[in-house]
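Novice: Kindly produce the complete structure, drawing on both the sequences and the hints.
2 protein chains.
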Amino acid sequence: MPVLQFQPLTSRPTASFWSALTSYKLDKAKLDDSIQSIEGWMEEGRTIQDTDATFAHQGDERFIGIDGSLVVAGNAFGDDIEKPPLKSIPVGGFLKNFNTIEEFRQVDSKRIAFDRVVELMVESFSTDKPILNPFLLVTFADLKRYTYHYWFAFPALVTKPVWETEEQGFTPADPSEVEALRDSITGVPGNRLTDAAFLIKKIPSGFELGPLSAYGEFFSQTPLDQRSIAFHDPSSSGEHPGWPLRNVLYYLFVKHNVDRVRVICLREGTASRHGIVQLPVGPRIQSQSQDLPSAVGWERDGNGKLSSRLADLASSMDPTRLAEQAVDLNLKLMKWRVMPTIDLQKIARTKCLLLGAGTLGCYVARNLMAWGVRNITFVDSGTVSFSNPVRQPLFLFDDCLNGGADKAHCAAKRLRQVFPGVNANSFKLAIPMPGHRASPQLETDLATLVDLFHEHDAVFLLMDSRESRWLPTVIGASQGKMVINAALGFDTYLVMRHGPPRSAVNTSRLGCYFCNDVVAPADSLTDRTLDQMCTVTRPGVAPIAAATAVELFVTILQNPLGWSTVPHLVDAPAVVELSPKLFAMIRFIS
Amino acid sequence: MPVLQFQPLTSRPTASFWSALTSYKLDKAKLDDSIQSIEGWMEEGRTIQDTDATFAHQGDERFIGIDGSLVVAGNAFGDDIEKPPLKSIPVGGFLKNFNTIEEFRQVDSKRIAFDRVVELMVESFSTDKPILNPFLLVTFADLKRYTYHYWFAFPALVTKPVWETEEQGFTPADPSEVEALRDSITGVPGNRLTDAAFLIKKIPSGFELGPLSAYGEFFSQTPLDQRSIAFHDPSSSGEHPGWPLRNVLYYLFVKHNVDRVRVICLREGTASRHGIVQLPVGPRIQSQSQDLPSAVGWERDGNGKLSSRLADLASSMDPTRLAEQAVDLNLKLMKWRVMPTIDLQKIARTKCLLLGAGTLGCYVARNLMAWGVRNITFVDSGTVSFSNPVRQPLFLFDDCLNGGADKAHCAAKRLRQVFPGVNANSFKLAIPMPGHRASPQLETDLATLVDLFHEHDAVFLLMDSRESRWLPTVIGASQGKMVINAALGFDTYLVMRHGPPRSAVNTSRLGCYFCNDVVAPADSLTDRTLDQMCTVTRPGVAPIAAATAVELFVTILQNPLGWSTVPHLVDAPAVVELSPKLFAMIRFIS
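Protein chains in written order, with UniProt numbering: chain B, 1 to 590; chain X, 1 to 590.
Accuracy of the hints is not assured; some may be wrong.
Note that identical chains are pooled: a pair holds if it fits in a single copy or bridges any two copies.
[To be verified] Derived lysine-lysine pairs resembling BS3-like cross-links, with alpha carbons at most 30 Å apart: (1) 83 to 305; (2) 144 to 413; (3) 428 to 144; (4) 346 to 129; (5) 346 to 87; (6) 110 to 144; (7) 110 to 160; (8) 428 to 83.
These aren't lab readings, by the way, just hints derived from the structure by calculation.
Specialist: Here is the structure:
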C-alpha cells in the first residue's frame, strides 16, 4: 500500500504581528523570555482556476492548488485589534522570544523550546482537550532595527511504522457530503468551526460530530468501516493531506488504538478529498514510553533549508512612524531594568513652553524631545545671527543668511527636521520687561503670553536678562504652572524650579528667582558693553545647564510629591483679573 | 569784499577700516575707550572732463569738480597692511570708540571728545608742530552685527570777523607755477608731500618752502605782498577753497598776526586756484583768551543733517567669513574682562580626533566648535538609526532614511552645515576590540587608526563599550597624545584625561581607564539584551558628560602645567615598533 505523505505547513507572519510582538516585548514582557501562548489562524487549502493565457487560448482548463498557511497576525497576543482571516481556524501556539541574538542562534536553546512544546502536547493527550497541532515560533526581535529573526516549527510526532493509504490514495470528496458536513459544523453552538479535527458519523439528518477525545464512546455503536474523521486541511494537494493530520492520527492510535480510519480533508470550494488510512501490520510504537516521542517539524526556509528567517520591517514601515517608535524605544527600555516605575506618558503629555530660543532654548528643546515630550512651543523675538549656530544646536549656517531667520520659527522648523513626530510651535514675541520702554504691542503681547501659559503645563525661562524673567515668573505663579528657570554666567549657571505648591497636601509655595532680591528688576541691558551684551560663557555651561533643567523637570514630574497639576491652590489673583494689574505694574516700573 | 567761504570736507571710511576697527577693539582696546590717534589720508580735489552725451553732441566742453575726501582705511591704526591712496596727504586724527550705543548717542559724550581735540590743537599751536587739521571720528562698533555707528568731525576754529577775499575771489593758478611748486615739494627729502600747508617764496631756482610755524623768520626778508602759502586742497570748487584752510588762517593770524596772505590751493590736474585772503579792519578775536576758542565741524550726513551715520558691513561681507569672525568674537570677548590670559589660538590649532560619532561624539563636536576648534575628525563604523537624531545633535530625520547614512561622514557633513569654517573629516572605521572576532580589515584599520593619532593632538574616546577604548588608550599613551575619555551610565558618567606626562618637568604618567582594572578588557557586547545594547541613559547625561569633557580639554590646554606637546617623554615603545606588538596583543586576547 502507498505510504501516506503529508503536505508540510507553511507559516505566514504578518507585518502587524511583528508590530504586536514589538509592543509585547517592549511594554509587557521586557526581559521575560519564558514561553508564551499565542494565537494563530490556519487557512484551508483551495484550488483556483488558472486563467493564465498560455492555457486559455487552447481551451484547456487547469486548476492551481493554493495551500493554506498558518497565519500569525496582530491579534496573536489576544488583543482584539484585528479580525481573524475569513474562514480560518484558530490554532494555539507558543512563542519563545529570546533576549539576545546569541541565544536565538544556539541550537540547544531552540531544541529545548521545541521539546517543551512536544511535552505539552503529550501531556495534553491524557485530557479531554488534547493539543494536537500547536505551532512554535522562536524569535529574536531587534527592536532597534525593526528586524526579526524567526523560525516556525509545527511539531509532528513520529509514528512507527508509517501510515499508509489504500491503493487509490485520496480522491475527491462528494461535494454534497462536504456541504452537509459544513452545515453540521456551523450548527454547533459557540464554535465557529469547532475543532481543527473531529469525529463524524452519518445520521439521518446529516452528520453528528464529536471530539477526538471521545472516540470510544462516540463510535461505540459504529461499525469500524463507517468511522470517519474530518479535519480542516491546509493542503491543496490531490495526493497529500496536510500536516495537521499527522498528530491527529498519532493521537488516535496512541490513545484510542485506531489503526484504520476514513479521513475527510476539508478544503475550500471543491478541493476537499477523502481516503482511508491505516497502519500496516507489524511492530508499533510504544505509546507508554517515559521518553518523549520523536518529533519533527522545523519549517524550511524559502530555499528549502532548515534555517531561520529574517523579517525586516524597517524597509516597509512609514519612516516617521519608525522614528516615533525608535524614540519611544530608548525610553521604554528604561522600564526594563533601571527604572521600572517611570511614568513616560506623564512626560510625553506635558506641554512645554520655552521662553527663549537661544543657546539654552535649543538645548532644552533637544533634551525634552529626547525624553519623549511631544509638544514644544518656542517664544523668541530675535533672529539667527552668525555667532549662533555653533552654540545653539538647532540652527544652521544657512539660517543666518539674508538677515537671519526668526529664531522661534526656525527653531521649531529645525526641531521637526530632527523628529517629524514633534508638535513644535513658535511665536515671534518680545516679552514685556520692567524698566524697558513699553512696545506698541504690549497689550497683545501680554495677552498672547498669558494665553500661551494657559495652553502649556511647564514653562522654561531661557532668556538672557534678569528682567525678562519677571513677567513670566508672575504669570507662572498666578496660573500654578511648573516654571523651570535656567540662567548662565561665565562659568556658572543657575537652574531652579519656581513656586507652585509642592502637592495638594503641602500647599506652601516654593520660592522664585526674585524672592530674595533686594532690588526690583530693572533695565540691565542698556549701557552694556559688547562682552556684556553677548552672553560670554564657557561654551560647556549652556548644555550642562539645559540638561540639568530638563532632568529637574522630569524628576519633578515623577516625584509623587512633585508637581501638582491643580492650579487653583495658589493664592495669586485669578488670571482674569491679572492682566490689567500686570499692565499697571509694568507701566509703573517702566 | 566777498566773505571767504570754505568747501566742507567729506569723510570716506573704507570697508577695510571697519575691519581694522573690529580687530583693534576686539583684540587690543577691548574695554579701553580712551581717545586714540589714528591716521587718515586726504585727497586733493580735481576736475574731470564731462563726457556725458548730453554735452558731447553739441561740441560743448564741461568740467565736473570732484572733491577729495578724508579717507580712513585699513591702515588707520598704523598697521602697514594697506598702501595709502595715491597722491594723498597723511592726516592725523583721533578716534573715540564708545563701549555702548547709549554713550555714543549722548550729545555730551561726543562734545567732550570734540572739545578735547580742539584743546589738543590749541595746545599744539605753541609748538613748532602745530596740529592744524585733525579729524575726529566717534564710533560705536556693534561687532556682533557688523554695524558701525559713526560721526566724523573736522574741527575748525572760528575767526571773528570772518576772512574775506579780494573782489575777484579765487582764480585759476598759473599751471607752470603750480608745476614748479610741486617739483619743490618733491625735492624736500623725507617728505612725500611735506605738510598739508606750508609757506612759499619764489627764489630764482623755483620755490623755497617753509613750515607755517616759522612764519616770522621765513618771511623776514619778504615784502608783505609776496608772502604766499600753499595747501593741499580737497575742494574742487572754483570759488571756495577747502575746509583745511580755515585752521591754517586761524593759526597764522593768532600766532603770527597774519591778516593778509596769498593762498595757493593745490589741486590735481589743472584745478589749482589762488587768491588773496584778508581780515577786514575792526575788532578781532582775542587770541590769548583762557577759554577754548569756538569751533565747528561735525560732518553732515547724506541728507545734509547733523547726524551720525551707520555702516553695515554684514550685507557686503562673505557670509562664511562673517560666521568665522562671529564665532571668534564670542570667544575673544572672554579676554576683555573674565579671562584676559586665555590662549584662544592654542585651542583653535589643536586638532581633535573623535572616536565615536554618537550622542557623545555629536555633543563633543559641537562644544569643540563653539570653543573655536577648527579641525575635527570623526571615526565611526555605524549608520544613523531612527532613534539617533533626538539624542545625537548633528543628525536629522532624513539621515535615517534608506538604511541610514554613515555616521562619521554624516556628522562631518552636518558639522560643516553648522559652520562652514570647520575642517571636518571622517573615517568609517571599526576600532579593533580585544575579545571580538578580528575583522579582515584589522591590519589596515589599525594602520589608519595609528595614522589618525599621529595627525591629531587630542583624542576623545566616545564609544559605547569598554573594550573599544582599550586600543585607542594604548595608541594614545604610545604617542603621548592628550586622551579624554567620556562614558555614560544610566544617570552617571565618567570623564577623565589619560596619561601623557603632566609637563616636561614632571614626567610621571597619569592613569588611564584601564589602570585599576582587575579584569582584562573582553567582549561585553555579545549576549547583551536590548536594553543593554542601546545605551539606556537619562537623556541629560550625555550633554553634561560631553560638555564636561570639552571643558576639561580646554582647561588642560590652558594650564601651564597642563598638556605637554612633547610626545617622546613617555616611556612607551616607539610607534614604528608598536604596530606588530599591538597585532600580537589583539590576536592574543581575541
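Novice: Just pull the numbers of the violated hints for me, sorted ascending.
Specialist: Numbers 1, 4, 5 and 8, in rising order.
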